[in-house]
Amino acid sequence: MLFNSFDFLLFFPIVTFLFFVLPHKFRWLMLLAASCTFYMFFIWYYIFILGITITIDYISGIWIEKTVNPRKKKLFLTLSIISTSLVLIIFKYFNFFITNVNDIANMIGWNYSISALQLILPIGLSFHTFQSLSYVIEVYRGKQKAEKNFGIFSLYVMFYPQLVAGPIERPQNLLHQFHNVHKFNFDDVSIGLKQMLWGFFMKLVVADRASIYVNAVYNNSDNHNGSTFIVATLFFAFQIYCDFAGYSNIAIGSARVMGFKLMQNFDRPYMSKTISEFWKRWHISLSTWFRDYLYISLGGNRVSSFKRYFNLFITFVVSGFWHGASWTFVIWGGLNGFYLILGIFKNRFFEKLNILNKDSAFNKFTSIVTTFVLVCITWVFFRANTTTEAFDIIKKIFSPSGKVFLPNGPDITAPIYAFFAICLLIAIEIKHEFFDDKFTIFNNKLEVVRLFAYVSLILFILMFGVFDGGQFIYFQF
Amino acid sequence: MEYRRFFIQLVKFIIILIVFDIVIGLSMRHLFFSQTSGKYYRISYPLEKTTDSLIIFGSSRANRHYSPSILTKETGVSCYNAGMQGKNIVFTDAIQKVILTRHKPKMIILDINPHELLENPVQYDKLGDLIPYYFKYEELLRPYINKKSKYENIKLLSITYQYNSTILHILKYKFLPQKDDNGYLPVKGTNIKIGKEELKESKNQSVKNIDNYFAESLESFIKRSKDLKIPIILVVSPMYKSNLKNDDKSFNLIKKIANKYNVQILNYLNSPEFDNPELFFDALHLNNVGSKKFSEKFAQDLKNIFLIKDNITAE
Chain H
192 MLFNSFDFLL
202 FFPIVTFLFF
212 VLPHKFRWLM
222 LLAASCTFYM
232 FFIWYYIFIL
242 GITITIDYIS
252 GIWIEKTVNP
262 RKKKLFLTLS
272 IISTSLVLII
282 FKYFNFFITN
292 VNDIANMIGW
302 NYSISALQLI
312 LPIGLSFHTF
322 QSLSYVIEVY
332 RGKQKAEKNF
342 GIFSLYVMFY
352 PQLVAGPIER
362 PQNLLHQFHN
372 VHKFNFDDVS
382 IGLKQMLWGF
392 FMKLVVADRA
402 SIYVNAVYNN
412 SDNHNGSTFI
422 VATLFFAFQI
432 YCDFAGYSNI
442 AIGSARVMGF
452 KLMQNFDRPY
462 MSKTISEFWK
472 RWHISLSTWF
482 RDYLYISLGG
492 NRVSSFKRYF
502 NLFITFVVSG
512 FWHGASWTFV
522 IWGGLNGFYL
532 ILGIFKNRFF
542 EKLNILNKDS
552 AFNKFTSIVT
562 TFVLVCITWV
572 FFRANTTTEA
582 FDIIKKIFSP
592 SGKVFLPNGP
602 DITAPIYAFF
612 AICLLIAIEI
622 KHEFFDDKFT
632 IFNNKLEVVR
642 LFAYVSLILF
652 ILMFGVFDGG
662 QFIYFQF
Chain Z
5 MEYRRFFIQL
15 VKFIIILIVF
25 DIVIGLSMRH
35 LFFSQTSGKY
45 YRISYPLEKT
55 TDSLIIFGSS
65 RANRHYSPSI
75 LTKETGVSCY
85 NAGMQGKNIV
95 FTDAIQKVIL
105 TRHKPKMIIL
115 DINPHELLEN
125 PVQYDKLGDL
135 IPYYFKYEEL
145 LRPYINKKSK
155 YENIKLLSIT
165 YQYNSTILHI
175 LKYKFLPQKD
185 DNGYLPVKGT
195 NIKIGKEELK
205 ESKNQSVKNI
215 DNYFAESLES
225 FIKRSKDLKI
235 PIILVVSPMY
245 KSNLKNDDKS
255 FNLIKKIANK
265 YNVQILNYLN
275 SPEFDNPELF
285 FDALHLNNVG
295 SKKFSEKFAQ
305 DLKNIFLIKD
315 NITAE
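So the protein sequences, as listed, match chains H and Z.
With the numbering used here applied, the first sequence corresponds to residues 192 to 668, in that order.
With the numbering used here applied, the second sequence corresponds to residues 5 to 319, in that order.
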């Protein structure tokens, strides 16, 4: 089920209503049934694959906790990680490896070919696999008690708001909330609904609008020039942000209505002054997952400088690969890792020279713009259909020529709507970043101002939103 | 206590929302129907005002290819070009259905693309352009609106939503009115890249299947005209170097439906007179020079074959 579908607009109030009318002891069961229904809207029988992952990690958690022998503990953890990851490897990465092996065989003249698997990727597989893994790792590290109730553990992995695109929760934050009694709380309901509304604005008005132009350009890359790709890439930067942050807002908001507090996933990432800061504000639940479970496991900052840079780079390459089984994502991850290493060198250099006034408005502005431009370059690899295409686009971007493509006739309005929607979003983000306590409309002290502000936002979505638009981009991961 | 507080706030919010929706929606409706040119006006005019004897229906190929002033001059019959850019037979069927409840033209021309009946899901989204007219022609348009999405009726409870994404068009044509010749909008110049576009086009079409609803729409379009005894003719206007195969499933079905209702098809697809890139804007559309030439040619054929045969007198 899509958050931007009418099915969800019926599903959400029904589930929320049932949640509050049912006694606490039945709520988890109802939420589990609702989450199964939510997931089965895509490909119903894939619920069994999810069931396998849940069962493996549930049993592993209990065994790891029970076992005293550290070697056995480690063995159970390894078995759990391998078997959970195997599902991910088969569905997501097997064909990628096969294609590459076949290509290499052809290159060296071997008459060798393995057939690819005809499988559809289960929706949100990488998200719930990582969420499940984080539980087993935390139990192994002794930071989380193993969950004895199989139903509640299943709900931890399957909780419908974050089942298919995160935020990737940690057991310490989410699991205990299913045991807690949630009373109807006006503030939670109000905050949750407002956050959902903002998510719908981001998705329907900004992301889906921008996608019309982005798809028109990126899906016909041969026919467009550098200037057009600059505009399309800027649009894509906001499309991907609003698509994913919009989803996260709806997810966090719909959980909050029932009193569940999910972790923040985005914090105005395009207001970042460095790439390092960008990754503290972008897809926070994934960045911290990789930090906690991969980067730190590799040695983190407690190793030699060279090893640290290597670990950083590897973490980002793996993060890229997590997004998709394609070289474009690997390059995207690698490029981000490279930026971060470069950032460390840059900081050392300027700290030695001590010439920068970091607090000056000019320095803040140039840092934000530079970071945004660097991020946009990485988005080319994220959006392009192939690596060859991505490099061609980069070449075109750095040699701009000709006029920016504008669709003919009535279609010209699509990029104009997108442009105004993006400008509005930027204005709101700047206001929240730099003038949070000023010009308050949505959090105004006067109730009437708040009511009118939210009514206006709904009408704005009705007037400018793209309805029946596409899926959320991150579902494919 | 918390529930009570929530419901009071919710009721307040819903009341304000409904009031604002009505005020903004009705203002948008007023602006929408006060347009005097542009994309939506070219839908509104035939739906509500045209009294012309000859109405041309079809997609952008109809819109770009038939000059009503030339057709009127040559045949003496008043003409309106109701070809809609980017739309196919489903949209065309809907507007013909509405027009014929109000006005009975003396003849109908349907410009049809040989690939018209092939799957093209985008065409269902394009039925959204009918939404602003839904409040006026609810019964007539409901089947088409329902094809757009199963929950469209619920969304249409909002008046503001009925004018979704129309404001820029309204403002654009308010300040920069668009001139057309009774609906006809020619394009100038040529973008023909010889040997490229037509091949690309045929490759894409060969893998698609027939959309049964498109075929039903064509049949309903023809049947409606026949039931009202309005002479109808199907025209395949020129394309640049079309490599349409003899076994083309879409065109064969079009011919089969036309035969069933005894409707003539005039096929100019690869007419030698139009085998000239200078006459085309792209592989699918004639430019202003080509459409002028085509309109003259078509008017002559219409006079010779159609007007005389069916004894339709000039005005």
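These are computed hints drawn from the structure, not numbers from a lab.
Heads up, a few of these hints could be off.
[To be verified] To spell it out: a stretch of chain H is covered by chain Z in this simulated footprint if at least three of its residues, at any positions, have a beta carbon under 8 Å from a beta carbon of chain Z; those stretches are:
#, segment
1, 370-377
2, 603-615
3, 652-658
[Unchecked claim] Some chain H residues well away from chain Z (every beta-carbon gap over 12 Å; in silico):
#, residue
4, 201
5, 238
6, 264
7, 471
8, 484
9, 490
10, 543
11, 554
12, 630
13, 632
Glycine residues also receive a C-beta, built at the ideal position from the N, C-alpha and C atoms.
* Asked: In ascending order, which of the hints set out earlier in this document are inconsistent with the structure?
  -> Checked against the structure, the only hint that fails is number 4, while the rest are satisfied.
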